[in-house]
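Since the structure of chain A is already known, use the hints to place chain B on it.
There are 2 protein chains.
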Amino acid sequence: MDRIPILKMGPHLLVTIQVDMHDRLALTLQDDLTAKIAEVGAKGVLIDISALEIVDSFIGRMLANIANMSRVLDAQTVVVGMQPAVAITLVELGMSLTGVRTALNVEKGMKLLSAAIDDTGSGPADVAAGEHASLAE
Amino acid sequence: MDRIPILKMGPHLLVTIQVDMHDRLALTLQDDLTAKIAEVGAKGVLIDISALEIVDSFIGRMLANIANMSRVLDAQTVVVGMQPAVAITLVELGMSLTGVRTALNVEKGMKLLSAAIDDTGSGPADVAAGEHASLAE
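The listed protein sequences derive, respectively, from chains A and B. Quick note on numbering: the numbering used here labels position 73 of the first sequence as 395, and the sequence is numbered without any gaps. Quick note on numbering: the numbering used here labels position 9 of the second sequence as 331, and the sequence is numbered without any gaps.
Only chain A is shown next, with the shape it has when bound in the complex (with noise of 0.2 angstroms):
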């Protein structure tokens, strides 16, 4: 197992995350997701981490760090699916994962997707996401 498939649906990208993260792995996905942004003009990223039990410090940089870089690639991010003993762990370590949205559940996550998506005006019209595109240059 050397890489986490990255699932396009519609706009958006969606990565479940089942195994340990490790270093490489880590290194891996976020490669592997900035390059499927750009190359499908991804609007939303969904990180799905329900079957993570047990977090650490670096799981919480990892996703900060995923938000971030999708963030410069003009898309958002959601973490969905975080059990409540994840959420208490992660503010225990001082880590707030300030920057990345969550939702409960993927279905919620691809609402919440939607409604930032129009908020910004980066509709899937083609106008709209040529407006973008010229933003960020």
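Treat each hint with caution, since some may be false.
A pair holds if it fits inside one copy or across any two, identical chains being indistinguishable in the list.
[Unchecked claim] Listed below are the simulated DMTMM-like cross-link pairs for lysine to aspartate or glutamate, each with C-alpha atoms no more than 25 angstroms apart in a straight line:
#1 K433 with D396
#2 K358 with E375
#3 K330 with D342
#4 K330 with E429
#5 K358 with D441
#6 K430 with D345
#7 K430 with D441
#8 K358 with E429
Because the hints were derived from the structure by calculation, they are not lab data.
Frame of chain A; chain B shown alone:
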């Protein structure tokens, strides 16, 4: 890692298999998935195996089992993201996955599921769903 997350996406369920399956994990997945189909009344199950680079007859049987169980519960199963080498291996193992639909990626799988659901007349309408439920009795 003791269970594989099952994500609800509209009327469908999405399962991404990323880890090596062993007996207990496969049984847990079957239990969880059938329970979830019954709980949310899912009409379709998408199983993404794009992360699997190696399959054996155990995985092949598990996929066929899940498809059969889902069918009994009135849900269609589509296996998506199979790598070419995996397809070769499965056929060489003599497992042609009879009764399992496949699609190249999640988006195509979703379309296939939606089309299949429309065909059987068990669309999102309550009337049609009720009709199906009575047929299943």
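Verification of the hints:
In this homomeric assembly, K433 and D396 come within 25 angstroms of each other (Cα to Cα) only inside a single copy, at 18 angstroms, whereas the closest approach across copies is 27 angstroms. For the homomeric pair K358 and E375, the shortest alpha-carbon distance between copies (20 angstroms) is at most 25 angstroms, but the shortest distance inside one copy (27 angstroms) is not. In this homomeric assembly, K330 and D342 come within 25 angstroms of each other (Cα to Cα) both inside a single copy, at 23 angstroms, and across copies, at 23 angstroms. Taking identical chains as interchangeable, the C-alpha atoms of K330 and E429 lie at most 25 angstroms apart whether they share a chain (15 angstroms) or sit on different chains (7 angstroms).
For the homomeric pair K358 and D441, the shortest alpha-carbon distance inside one copy (23 angstroms) is at most 25 angstroms, but the shortest distance between copies (34 angstroms) is not. With identical chains, the CA atoms of K430 and D345 are never at most 25 angstroms apart, being 30 angstroms at best within one copy and 33 angstroms at best between copies. Taking the shortest Cα distances, K430 and D441 sit within 25 angstroms of each other inside one copy (16 angstroms), while across copies they are farther apart (29 angstroms). In this assembly of identical chains, the alpha carbons of K358 and E429 lie at most 25 angstroms apart whether taken from the same copy (21 angstroms) or from different copies (15 angstroms).
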